[in-house]
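K.L.:
Sequence:
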Amino acid sequence: MQNKNKWEEGFKLLVAYKKEFSDCLVQAKSLYCDYKLGSWVGIQRYKKENLTSERIIRLDALGFVWNSDQAKWEEGFRLLVAYKKEFGNCAVPAQFQYHDYRLGCWVEKRRRIKDKLPTEQIYHLDRVGFVWDIQEYCWEEGLKHLLSYKEEFGDCFVINNTIYHDYNLGLWVSRQ
1 MQNKNKWEEG FKLLVAYKKE FSDCLVQAKS LYCDYKLGSW VGIQRYKKEN LTSERIIRLD
61 ALGFVWNSDQ AKWEEGFRLL VAYKKEFGNC AVPAQFQYHD YRLGCWVEKR RRIKDKLPTE
121 QIYHLDRVGF VWDIQEYCWE EGLKHLLSYK EEFGDCFVIN NTIYHDYNLG LWVSRQ
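Just so we're aligned, residue 1 is where the sequence shown starts under my numbering, counting upward by one.
No lab work stands behind these hints, which were simulated from the structure alone.
Honestly, I wouldn't trust all of these hints.
Said to hold, decoys possible - Lysine to any residue pairs mimicking SDA-like chemistry, simulated, CA-CA at most 25 Å apart: (1) K29 with V65; (2) K85 with E136; (3) K144 with G170; (4) K114 with E151; (5) K29 with R45.
Can you make the complete structure from the sequences, with help from the hints?
P.N.:
In structure tokens:
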């Protein structure tokens, strides 16, 4: 009976977690309400073959992600979408931490393994405006600001420390 109670406690907390965060993507070492929910989730994945069909159905109905690689993908993607909503683009800096998640590393890895990604993941990344080539993106951003500057001032004579619309246009021009 104690085993059932422990399982029910974990499931109840997972339901609460989903209500709060809209998903079941609990990080492996996560504590939730002083409960090792990340460990509980990992155990469910590992022991799926030994779970009763009732438990599997309940977890499936909740939107449980059985594959940990898929869970990592979904967590990174969810945070990328949140980053874009907050910052207006998907040009995540390489070392950037977002909500205690190494989103910059996640993004860099997608760029590095693009040829190995499933078509579906590439499709989702493209839909949110994923930046595959950060150097090209930065160059295009600079050019866009320079063209706007020229339209406003009639020339491209930008001095070194010029900040134009919160963009360091002077630095970009000097690097060209």
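K.L.:
Against this structure, judge whether each hint is valid.
P.N.:
Each hint tested on the structure:
For the given pair, K29 sits about 16 Å from V65 by alpha-carbon distance, which is consistent with the 25 Å threshold. Taken as a hint, the K85 and E136 pair is honoured in the structure, with Cα atoms around 22 Å apart against an allowance of 25 Å. Note on K144 and G170: the hinted pairing holds, with a Cα-Cα distance of about 13 Å set against a maximum of 25 Å. Taken as a hint, the K114 and E151 pair is broken in the structure, with Cα atoms around 37 Å apart against an allowance of 25 Å.
Note on K29 and R45: the hinted pairing holds, with a Cα-Cα distance of about 15 Å set against a maximum of 25 Å.
This entry does not satisfy hint 4, going by the numbered hints stated previously; all others are met.
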